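Student: Respectively, the protein sequence lines represent chains A and B. So the first sequence is numbered by UniProt numbering: it starts at 1 and just counts up by one. So the second sequence is numbered by UniProt numbering: it starts at 1 and just counts up by one.
Everything labelled a hint here was simulated from the structure, so no lab data went into it. Be careful, since some hints might not be right.
Claimed, not checked - So the derived list for chain A, only partly shown, Cβ under 8 Å to chain B, looks like this:
| # | residue |
| --- | --- |
| 1 | Pro-102 |
| 2 | Arg-105 |
| 3 | Glu-106 |
| 4 | Leu-188 |
| 5 | Arg-231 |
| 6 | Thr-275 |
| 7 | Asp-315 |
| 8 | Leu-318 |
| 9 | Ile-347 |
| 10 | Trp-349 |
Said to hold, decoys possible - In silico SDA-like cross-links for lysine to any residue, where the CA-CA straight-line distance does not exceed 20 Å:
| # | chain 1 | residue 1 | chain 2 | residue 2 |
| --- | --- | --- | --- | --- |
| 11 | B | Lys-278 | A | Ala-160 |
| 12 | A | Lys-328 | A | Ile-171 |
| 13 | B | Lys-278 | A | Thr-310 |
| 14 | B | Lys-82 | A | Trp-195 |
| 15 | B | Lys-82 | A | Asp-212 |
| 16 | A | Lys-82 | A | Ala-60 |
| 17 | A | Lys-278 | A | Thr-310 |
| 18 | B | Lys-328 | A | Val-326 |
| 19 | A | Lys-328 | A | Asp-288 |
Stated by the list, open to error - Computed far set for chain B versus chain A, every beta-carbon distance over 10 Å:
| # | residue |
| --- | --- |
| 20 | Arg-19 |
| 21 | Arg-65 |
| 22 | Val-251 |
Because the structure is a prediction, the values reported are computed rather than measured. C-beta atoms are modelled at their ideal positions from N, C-alpha and C, and glycine is treated no differently.
2 protein chains.
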Amino acid sequence: MHATLSGDAVRAGERARERFYDSSGYGHPVDGGALELAPVEAAHLLYRGDLEAVEGPDGAAMDFRAFLASAAVSEIAFLVYKDLRDRGFYLSPARAGWSDSPAAREAVDDPAVDFVVYPRGSGPWDDEVAYRVGVVSEREAVPAGDLGNLVLAVVDEESALTYLATEHRDISGTSEADLPEGVSGELLSDRLLLWDPPAAIYDRGFYGQPLDDGDGDAIQLSLLEAAFLAREGVLDVDGGAAAVVDRGREVEGERFDRRLRVYESLRERGLVPKTGYKFGADFRTYADVESVEDLGHSELLIRVLDGGHTFSPRDLALDVRLAHGVRKEMVFALVDDDPSDGDSDGIEWLSVTRLTP
Amino acid sequence: MHATLSGDAVRAGERARERFYDSSGYGHPVDGGALELAPVEAAHLLYRGDLEAVEGPDGAAMDFRAFLASAAVSEIAFLVYKDLRDRGFYLSPARAGWSDSPAAREAVDDPAVDFVVYPRGSGPWDDEVAYRVGVVSEREAVPAGDLGNLVLAVVDEESALTYLATEHRDISGTSEADLPEGVSGELLSDRLLLWDPPAAIYDRGFYGQPLDDGDGDAIQLSLLEAAFLAREGVLDVDGGAAAVVDRGREVEGERFDRRLRVYESLRERGLVPKTGYKFGADFRTYADVESVEDLGHSELLIRVLDGGHTFSPRDLALDVRLAHGVRKEMVFALVDDDPSDGDSDGIEWLSVTRLTP
């Protein structure tokens, strides 16, 4: 069968529509009964032996090897396309006019989406989209703004693939504690001590950590916990909340303010944030704390980032793998440093999980 | 008992030697039968109620609370000291003249060491040291040069402790493969394809990844693998090894050279390095590969760093926790960019593992 590369598409003859589109979902039909294939689709048909060659603009015939080595097709896009085909999916490039499905047409407007993948058994003539897939090499930086409603297909340097599902989500819980006001605390260099606080601070609110493993009198508070409790009127400390925040900025820089905003937002949403240090994260969170004695496992790991953050796929892989290993969900808190919408707290919650398509 | 803070030590009266040093290993005896205590030791005796107060230079008596809040004692050092005491250890501050043990005297010369910890049942009057401990807050940066022969005691922002054992180690394995020379490969944008290579490249040497899961003809090589094989004369590629290295620098910057040095060193030591991407590391390594069919689990995760790297304790915690979860050992390859010693390859291997003292 004759197939010709022209611009960024490969045009194949009349029988192509029947053989490739109708039976297997490759390409999209164009006027006159011909079929247009994206280069990655043509590469896959060459790879399978369904096409023998593609004629280049210079008239030379390219076999699979020559076509893959040419500038017409990205090898990492090919690897992902092939892998999804191997897994039994039909998929289309996210290009205007390439798919009948409304969901696919929507994906066309999102430059981060490379492929729309249909549910197994469906194709471009159906209405459903299973995954919107963006292809990146391990070495590419991925802007946080690209993520959410996207499956990231990462091709590592040895050509193995990992899929990461990203989505924006709501965060909420039912933890709340009635705490007394005016509990006094003492600011040390980068933490606070409450020498003889009401038991509810720790037992019900799960603030701080006892100095002693047993029922010690003294509770150590982190600067974040202290800043929050001082603003709430629960904690009474020399210089007030401002003194605690100043100390936080001294030891941590502007990162402290960003983390405090996330801490406050989590508390307001009914979650108890505790340090995620042992997991390399900012927080682990408990959604439903009634008392420390009945504490379950924490559900989320939260990493606080600037809203304009760009991810390295390797760092993403590390976070997501660790969270998976400890049966928690990895959530990135993307903090808009200058939120324009007064109603929102300017924090976007981005969940990232491993996916096996 | 009377105890007085003077400079950076607390001097306690005569009975102190018997009560605190002879029976429990606090402080060190000084001329005239008195006992000198480090502030952190005095704080612990105050905490236990064995001392009632320490008199400050201004003559004021400080109880535990006042002493801990004073500048005399670091609260994070106190937390670590207390934890190790709670675990049944005697320990001394790493100060000249503070311990009789030769091993402890050696630790005094290492500014990263804060405490020398004796084996359970031993003390400053014995010869053995179980751990050399450096105390850091979660927020402190830790220079790579401080690590090795050191247990890092990290105090997180909520005052919980983690111990990380660091040591320099040798790396070696038994993997080797006899490979033919002059195998031809084709450089794509950031990987290479060998279209019909000898089976030994993958099967015996574990280089590359088949394009197909089955016994495909084509093997994909990473740029690192290709640069190494081209230098070895195994791979024949347009422009030689230099072309591959140039491409590596293009897509990865100077990091590529550093990773290539580590890759080469590992191969020369008889290990097979493969990508560590899924673990967020540079490499995972197999020590004893005879053939890909008999492949065991990889043993090490390697992260490549510049020799002058400073660690954030949180990143360390993340790496070490992940490695532990997948039953591998975390090893940092510290690359000296300008090795002065011609005999060495300028790479130091630093192993970091979790420790429960």
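Student: Find the hints from earlier in the document that the structure breaks and name them by number, from lowest to highest.
Tutor: 1, 2, 3, 5, 9, 10, 16, 17, 21, 22
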